[in-house]
Amino acid sequence: MTATAEPSVNEFGQARKRKEDARLISGRTRWTDNLTLPGMVHLAVLRSPVAHATITSIDVGAAKQAPGVTAVFTGRDLADEQGSLPCAWPISPDMVAPQAPSLAVDRVNFAGEAVAVVVARSAAEAHDALELIDVDYDDLPVVLDMEAALADGADLVHPELGTNRSALWAFDSAEVGTGGDVEEAIRGARDNGVVVKRRFRQQRLIPAFMEPRSVVMDPTGEQMTLWSATQIPHVLRVMIAMTLGVPEHKVRVIAPDVGGGFGGKLQVTPEEIITFLVARRLGKPVKWTEGRSESLVSGHHGRDQIQDLTICANRDGTVTGLKVELLADMGAYLRLVTPGVPILGAFMYNAIYKIPAYHFACTNVFTDKTPTDAYRGAGRPEATFAIERMMDELAAELGMEPLELREKNWIKHEEFPYTTISTLTYDSGNYEAATARAKELFDYDGLRAEQQRRRAANDPVQLGIGISTFTEMCGLAPSRVLGSLSYGAGGWEHAAIRMLPTGKVEVVTGSSPHGQGHETAWSQIVSDQLGVAFDDVEVLHGDTQSSHKGMDSYGSRSLTVGGIAVVKAAEKVVEKARKVAAHMLEASEDDLEYDRGRFTVRGTDKGTTVADVALAVFAAHDLPEGVEPSLDSDATFDPENFSFPHGTHLCATEVDTETGEVSIRSYASVDDVGTVVNPLIVDGQIHGGLAQGIAQALYEEAVYDEAGTLVTGTLADYLVPSAVDLPHFTTDRTETPSTTNPLGVKGVGEAGTIASTPAVVNAIIDAVRHLGVRDVEMPCSPQTVWRAINAARGQVKSTSEGSTETAAGGGLGSIDSQHGGAR
Amino acid sequence: MTRITVTVDGVKYTDEVEPRTLLVHYLREQVGKTGTVVGCDTSNCGACTVHLDGQSVKSCSVFAVQADGSEVTTIEGLARDGRLHPVQQAFHDNHALQCGFCTPGMIMQAIDLLGDNPNPDDEQVRHGLEGNLCRCTGYQNIVKAVRDAAGKMSPGAGPAAEQVSSQARSGVSGGGQ
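First to last, the protein sequences are chains A and B. The opening position of the first sequence corresponds to residue 1 in the working numbering, with each subsequent residue numbered one higher. The opening position of the second sequence corresponds to residue 1 in the working numbering, with each subsequent residue numbered one higher.
Chain A on its own, in the form it takes in the complex:
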């Protein structure tokens, strides 16, 4: 038997350095674009420069004659086999959805849509030949503004649909029976309380993963093999089969090293389908790798909503109702989960608060822009932003301290489990504890005192404090809930454990990491479960041949669903081993105790290990009657509930009232993500999440001009923050274990992004609220902030919308919107 290291301590909770790093820090990486196969040719994509047009002709003659060119294809060439790109989330029975060809055939509906492809010996030759393709476009009216798109007689993105409205999805607590009627609550508050209305704009964002997308398709084997920089190799295989009618068992999908995703690689892309079809037709391996500007213009975008909110409360601050009306920009097509993204937010606007009446309605709208879809948080950042901004607005209106207003309304720790007005049951949480710790880390009282001093001194640089007490739903998801939301698949995850004769372990997971560190975390989990050393565990993932079954990684689901599947598989291994161990020890199974890999006979010093049992099973010379010679086990876990991480984020900003420049002075977050497998990884997830949420608040926006051209199509224009643009984060955790899984874990991947955006914007507004500013549109660039300040001073026209209604005699601390506040 080979030496197997003894596990010394419990792995769970250890800050293990990552297994993944060794290859990543030394350049031994397996990005899809690194692959080279014998005979491989390269594909380049010609994209529409116009947002909406009929394709009247495409001349590919010159391109076909160019040096090194193997083939040129247009949409017409693939029309019979390309099918329509899948949308797996038809949110309502009457949802309107257009055909979504991978390669445009007759019409383009957004600038960046693929219209032709060249295949050549080298990528450079393929790109050269793109310039020789001559496409004639007949311009159509461009639809960009959601409200205009919904107006009577509006120009249509898809004339054949007869409307730009894709769907309306609504939830009403009075209709469902979970609460009261919000209109009644608003009427009541008008008479005897406070009603605050605001309109917020969730600007369009781009996921901007660092590794550009890449696809390699090898059609030469019996199983056609597709490598892709994807988050979802398993879903992709099923969708290729369903979309193209290819037998599923003839397709193998591999996600090798994948350089980030953030939802942006949760997609079945046109380029995957095109590369698949072209390679199959040519009978040769084909590679497509995008450039960054291609990625920004054609990979799906995120957010892009207009949010109209009305919140009403009693004068003592008790919230009595919340009404949410959204317009959500789908872009030109419905991609994999496009329609469902804003709907995920529907359950989160009530957040951590006990809101007795709630109405949510979301209208999904087509425009001639790049399709939107999941981006880190997907619907929940929008919801959290809106409710946390509204709580600050309500506090200002009531003249209440904003944390006190929150505390007055939030669910107390002794009230869990708590079923919310939007029908979710929060299993656990402790908002008091997280908030108390955050206040302490942040020196909340000290900063409030400084803020008062600087206001009194009329400091040109004002200090603002922003709060975000958030929760989110993640760990997507219980299959029955997804079914009730008309999602096209389940939310389970698969894992398998293979016990090798030498006591080493292979763990197969359906989760598909792209930077998270699952190889490390899963090894820690299995080490504890089976009593094997961390280094004796190998995690296999991202290849439908080795990891044949899975639902992949998104929605902060990997640990809470996939990790639990690993636990369940390990439990089955132990149960199988127990029978054999009892036989080996000549004891009754009932007399065996098991602890971290070791079976002992109760009351004796006799024992054996799972590793020893694995060897005995391998030999299979002497097994109990009816026991098959294998400990290998698999499990498919379907959670009973989402997980609900929460936390309190506090941000202090310095706002220069003369220039509009914002700098983050300090940022403290206390997150409760349940129990923690690896604090190093969890902290890293929080840091990265904060960076992306702060980036929405301050820097990033996908901007289109009036012709529908993306003008932020490079990283020089789309402002992904650098190290100098972000502050040091002070982070800590409270731990309230989830009660719905055996590890007590909750998701962490999206929490930082969801929580941070409103904390920053609330801080900016808090710095200048005394000047009459009530909103600043994101991203809060110096110009936007400067304009908001000057609009409040009555010096320039404001672009911010909003109104406040108060009952007669009310309005303590309220802002006079007619006359611009304090000045």
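I should point out that these hints are in silico values taken from the structure, not numbers from a laboratory. Note that beta-carbon positions come from the ideal geometry of N, C-alpha and C, so glycine has one too. There may be inaccurate statements among the hints.
[What the hints assert, rightly or not] Which chain B residues face chain A? A few, computed with CB under 7 Å, are given here:
| # | residue |
| --- | --- |
| 1 | Y13 |
| 2 | C40 |
| 3 | S61 |
| 4 | F63 |
| 5 | Q66 |
| 6 | G100 |
| 7 | F101 |
| 8 | C102 |
| 9 | P104 |
| 10 | Q124 |
| 11 | R126 |
| 12 | E130 |
| 13 | C136 |
| 14 | Y139 |
[As the list claims (entries may be wrong)] Pairs of lysine-lysine, DSSO-like flavour, derived with a Cα cap of 27 Å:
| # | chain 1 | residue 1 | chain 2 | residue 2 |
| --- | --- | --- | --- | --- |
| 15 | A | K439 | B | K144 |
| 16 | A | K19 | B | K152 |
| 17 | A | K17 | A | K504 |
| 18 | A | K504 | A | K572 |
| 19 | A | K572 | A | K549 |
| 20 | B | K144 | A | K19 |
| 21 | A | K17 | B | K144 |
| 22 | A | K17 | A | K197 |
| 23 | A | K408 | A | K439 |
| 24 | A | K17 | B | K12 |
| 25 | A | K284 | A | K354 |
| 26 | A | K284 | A | K250 |
| 27 | A | K572 | A | K606 |
| 28 | A | K606 | A | K579 |
| 29 | A | K504 | A | K579 |
[Claimed, not checked] Derived DEER-like restraints, expressed as beta-carbon distance ranges:
| # | chain 1 | residue 1 | chain 2 | residue 2 | range |
| --- | --- | --- | --- | --- | --- |
| 30 | B | D15 | A | L37 | 49 to 55 Å |
| 31 | A | P67 | B | G32 | 21 to 27 Å |
| 32 | A | A457 | B | P118 | 38 to 44 Å |
| 33 | A | S84 | B | D15 | 41 to 47 Å |
| 34 | A | G13 | B | A79 | 28 to 34 Å |
| 35 | B | P118 | A | E407 | 36 to 42 Å |
| 36 | B | T14 | A | G245 | 48 to 54 Å |
With chain A held as given, fit chain B onto it using these hints.
Only chain B this time, still in chain A's reference frame:
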């Protein structure tokens, strides 16, 4: 086509390249140094950073022909005798990477930064890495890693520091001027 001779990670290569070929494409496609990656097309992201005659460059903004007669060090040429460069080690120790796509460029730039300023504070590290984008980490652990490496590479800090000085002598560390 133009004939160039370039020493990459200590090995001399003579190749024909198109005049328009970027150094990064030469490294990846002709020399096989796929550890160096392409993250953008506007020289913003820094993922392709390598050392050219001891100085960090974004290899997407250098033509291969400009490297003729030069020495190039990539992420693949940093480790010595199976030992990681202290900056590589620090990135691992401080969880300064997640997806790892920016990491080769980030490490090469960090080494260059420490050559210019062996003992930077947080702000100096952040400014020194301004041209390298990371989407995963929020930079916090990258800053921590670079300062950790600085401590381990400082004079008298032991074997790790010797490793760097030996590289500086051979002209491939990129840390020195």
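Going through the hints against the structure:
Violation of the interface hint for Y13 (chain B) is found here, the shortest Cβ-Cβ separation to chain A being roughly 17 Å, above the 7 Å cut-off. About 4 Å separates the beta-carbon of C40 (chain B) from the nearest beta-carbon of chain A, less than 7 Å, and the hint is met. Interface hint at S61 (chain B): violated, since its Cβ lies 13 Å from the closest Cβ of chain A, which is beyond the 7 Å cut-off. With its C-beta approaching chain A no nearer than about 13 Å, F63 (chain B) sits outside the 7 Å limit, and its interface hint is violated.
For the restraint placing Q66 (chain B) at the interface with chain A, the shortest Cβ-Cβ distance is roughly 18 Å, beyond the 7 Å limit, so the hint is violated. About 3 Å separates the beta-carbon of G100 (chain B) from the nearest beta-carbon of chain A, less than 7 Å, and the hint is met. The interface hint given for F101 (chain B) holds, since its Cβ lies 3 Å from the closest Cβ of chain A, which is under the 7 Å cut-off. Below 7 Å, beta-carbon pairs count as interface contacts, and C102 (chain B) has one with chain A at about 5 Å; its hint therefore holds.
Evaluation of the P104 (chain B) hint against chain A yields a held restraint, the C-beta minimum of about 5 Å falling below 7 Å. Evaluation of the Q124 (chain B) hint against chain A yields a violated restraint, the C-beta minimum of about 10 Å exceeding 7 Å. For R126 (chain B), the suggested interface contact is upheld, since its CB lies about 4 Å from the closest CB of chain A, less than 7 Å. The criterion of a C-beta within 7 Å of any C-beta in chain A is met by E130 (chain B), whose closest approach is roughly 5 Å, and the hint holds.
Satisfaction of the interface hint for C136 (chain B) is found here, the shortest Cβ-Cβ separation to chain A being roughly 5 Å, below the 7 Å cut-off. For Y139 (chain B), the interface hint holds, the least distance from its beta-carbon to any beta-carbon of chain A being 4 Å, beneath 7 Å. Distance check on the hinted pair: K439 (chain A) and K144 (chain B) sit about 25 Å apart at the alpha-carbon level, within 27 Å; holds. Proximity of K19 (chain A) to K152 (chain B) is assessed by CA-CA distance (about 22 Å); at most 27 Å being required, the pair is judged to hold.
Between K17 (chain A) and K504 (chain A), the direct Cα distance comes to roughly 20 Å. Compliance with the 27 Å bound is thereby established for this hinted pair. Distance restraint check for K504 (chain A) and K572 (chain A): the Cα-Cα separation of roughly 17 Å lies within the 27 Å cut-off, and the hinted pair is therefore satisfied. For a cut-off of 27 Å, the pair hint linking K572 (chain A) to K549 (chain A) stands: about 18 Å separates their Cα positions. Taking the CA atoms of K144 (chain B) and K19 (chain A), the gap is about 20 Å. The hint holds against a cut of 27 Å.
Pair hint K17 (chain A) plus K144 (chain B) holds up; C-alpha atoms about 15 Å apart against a cutoff of 27 Å. Using a Cα cut-off of 27 Å, the hinted pair K17 (chain A) and K197 (chain A) is violated, with the two alpha carbons roughly 48 Å apart. For the given pair, K408 (chain A) sits about 17 Å from K439 (chain A) by alpha-carbon distance, which is consistent with the 27 Å threshold. About 36 Å separates the Cα atoms of K17 (chain A) and K12 (chain B), which puts this hinted pair outside 27 Å; it is violated.
For a cut-off of 27 Å, the pair hint linking K284 (chain A) to K354 (chain A) is broken: about 60 Å separates their Cα positions. Under the criterion of a C-alpha separation no larger than 27 Å, the hint pairing K284 (chain A) with K250 (chain A) is consistent with the structure, at around 16 Å. This hinted pair checks out: K572 (chain A) and K606 (chain A) have alpha carbons roughly 23 Å apart, not beyond 27 Å. Proximity of K606 (chain A) to K579 (chain A) is assessed by CA-CA distance (about 15 Å); at most 27 Å being required, the pair is judged to hold.
At most 27 Å may separate the alpha-carbon atoms for a hinted pair to count; K504 (chain A) and K579 (chain A) meet this at roughly 20 Å. Between D15 (chain B) and L37 (chain A) the beta carbons are some 22 Å apart, a value that contradicts the proposed interval 49 to 55 Å. Distance hint check for P67 (chain A) and G32 (chain B): the Cβ-Cβ separation is about 24 Å, which falls inside the suggested range of 21 to 27 Å. Distance hint check for A457 (chain A) and P118 (chain B): the Cβ-Cβ separation is about 42 Å, which falls inside the suggested range of 38 to 44 Å.
Take S84 (chain A) and D15 (chain B): their Cβ atoms lie about 46 Å apart, and the range 41 to 47 Å holds. Checked against the hint of 28 to 34 Å, the pair G13 (chain A) and A79 (chain B) passes, with Cβ atoms roughly 31 Å apart. Look at P118 (chain B) against E407 (chain A): about 49 Å separates their beta carbons, and that is not inside 36 to 42 Å. The hinted range of 48 to 54 Å is satisfied by T14 (chain B) and G245 (chain A), whose Cβ atoms lie roughly 50 Å apart.
When the structure is compared with the earlier hints, violations turn up for hints 1, 3, 4, 5, 10, 22, 24, 25, 30, 35 and for no others.
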